[in-house]
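Student: Quick note, the sequences are listed as chains A and B, same order.
Take 1 as the starting number for the first sequence in the numbering used here and just add one per residue.
Take 1001 as the starting number for the second sequence in the numbering used here and just add one per residue.
If you're looking for bench data, these hints aren't it; they were derived computationally from the structure.
Don't take each hint at face value.
Lysine to any residue pairs mimicking SDA-like chemistry, simulated, CA-CA at most 20 Å apart [as the list claims (entries may be wrong)]:
hint: 1; chain 1: A; residue 1: 78; chain 2: A; residue 2: 155
hint: 2; chain 1: A; residue 1: 85; chain 2: B; residue 2: 1142
hint: 3; chain 1: B; residue 1: 1150; chain 2: B; residue 2: 1222
hint: 4; chain 1: A; residue 1: 54; chain 2: B; residue 2: 1053
hint: 5; chain 1: A; residue 1: 105; chain 2: B; residue 2: 1142
hint: 6; chain 1: B; residue 1: 1150; chain 2: A; residue 2: 78
hint: 7; chain 1: B; residue 1: 1150; chain 2: A; residue 2: 133
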Amino acid sequence: MSLTEAIDVNQRFGTKAVLKDVSLTVETGEVLAIIGPAGAGKTTLLRLFDHLEKPSSGKVLFDGREVTPRLRTQVRRKISMVLQKPVVFDASVYDNVAYPLRVRKYDRKAIPEKVNTLLKTVGLDGYQKRNARTLSGGETQKVALARALVTDPQMLLLDEPTANLDPVSLNTIEGFILKFSRERATAIVIATHEMAQGQRLAHRIGVMMEGELIQVGKPEDIFYAPSDMRVAQFVGVENILRGRVATNEGGLAQVGLNSHSLEAVTDHRPGEEVHVFIRPEEITISLQSPSSSARNSFSGEVKLMALSGPYARVEIDCGFTLVTLITRRSAEELGLKVGQQVHASFKATAVHVISRAGSG
Amino acid sequence: MAELWQALKDAIHLIVSRDPEVIDITWRSLRVSAASTILAALICIPLGGLISFRNFWGKRLLINIIQTLYSVPTVCVGLFVFLMLSRAGPLGAFHLFFTPTAMVIAQTLLIVPVMLGLTISALSGVDKTIKDTTLSLGANEFQAIWAIIKEARFAIVAGVLLGFGRAISEVGAAWIVGGNFAGYTRVLTTAISLYSQQGLFALAMALGIILITMALVVNIAVNVVQQRR
């Protein structure tokens, strides 16, 4: 049985549909990331999981049971949520972290040890007497996390836990999340607009857009085999091409793209109209005709080159545009510049094919 | 003019020499108004919390009515309590008429709207996410309301002090339901009205100075408390 389960959940505020027929399970011990752009409904989904809102229709079960108003507080006490931009009480750091234990009428004598241990874990030992309102953003986030974890929840809901944090605090907080997931088998649901965070932390990823849960799967499925155009675009598949399967022999297909054709590993049948996804980092660039392992090779002219940190984004016109992402160093070693003739190549397994029917 | 100077000198002498009548009236005033302030706070803080926390039909209207009652005339409250407590009134059987208790009741009624309104606006100044935070941390409704009240504690205390200021400085209600009996229901304001009519200016001024000083102290306290937030 799943720890919590959303069944056909719809949420409307006035005439605005914020969630549309969302069904999703959360299992004990897993880290599930809900990724999607701002306004996709991620926060609303977390609030429903915490029973802070009631769905317009559909159900959210906990431990297989429906959560009636009478059970709500009891169920919430098994869950912890860290809100986006968490607020701390106008009280000491110690009182903030002790609060969830006090409302649960936890044994008074045991509170100090629990609170102090947790403050030590998140690196806030010695802050006990500080007023929590005087802390920095990263420290506030740590207090909020400690406050959420002090009750050993069965499920932890984190809404954009690292938004607005500096890289060092981000690493620390992500570290805690992984540590708690490993040590306590806490189910963790993280809402984030940052797909890389989902990739770093999650066992499973759900992609939400405009209130719909479009795809749920392992990170590699989401990144390399997105089920639709919108997911593909969101997870950084920059090459989305339209084509038609020409032949398919035992799973190795020829896909026609106007005047060109490429090889892909897919089950789609000849004649099917398809979208072809190729991640930019899967494409390599060479000056001479490439080695044999890549089944697809196209020659073309460099149209655009943009450096971004340690990477270079290169657009090549091979009769159709291919966007590639290579390291800055390899771009320099190749001496790439706009107007240069190059070969772009990628494996047949780097090509992900989905049916065009229904997905535009 | 010389007469007034003399009265002022006598008034100050009455205060510094701790004249028994002055002390007695001052103490009674403080006790009656403190009692009504505490009573009103016990009503207003939980009730304000509930009104602010829950959403119900007519909430906006209710808050408007409360705010309108801020400026209800003291004599009207006095008249209302008079009618309730007088021998022929519905609560006449309790024999509370012309007692300090009646004054406490009248002053409580008088300051409840102000204190309730200020409590509600103090609570509405609390970050809305505090409510969700407390609930998500496992609080039940009452624990959540209490947490929100604690967040607004400085603004609420300021409202309570303002209520005390209104109670101690009103004259109409105290006179109508208390009757201004010497040594029993005579407080600062009713004493000042009576003594000034009787031409006992030194005594009236002494009590006036004490009342103004109290008002000043209360206002300074309100300011200090408000500056905490």
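Student: Decide, hint by hint, whether the structure agrees.
Tutor: Hint-by-hint comparison with the structure:
1. The suggested pairing of residue 78/A with residue 155/A holds, with an alpha-carbon distance near 7 Å, which does not exceed 20 Å.
2. For a cut-off of 20 Å, the pair hint linking residue 85/A to residue 1142/B is broken: about 24 Å separates their Cα positions.
3. Between the alpha carbons of residue 1150/B and residue 1222/B the distance comes to roughly 17 Å, so the proposed pair stays at or under 20 Å and holds.
4. Using a Cα cut-off of 20 Å, the hinted pair residue 54/A and residue 1053/B holds, with the two alpha carbons roughly 17 Å apart.
5. Straight-line distance between C-alpha atoms of residue 105/A and residue 1142/B comes to about 14 Å, which keeps the hinted pair within the 20 Å bound.
6. Taking the CA atoms of residue 1150/B and residue 78/A, the gap is about 25 Å. The hint is violated against a cut of 20 Å.
7. Among the hinted pairs, residue 1150/B with residue 133/A is consistent with the structure: their alpha-carbon atoms are about 14 Å apart, no more than 20 Å.
When each numbered hint is compared with the structure, violations occur for hints 2 and 6.
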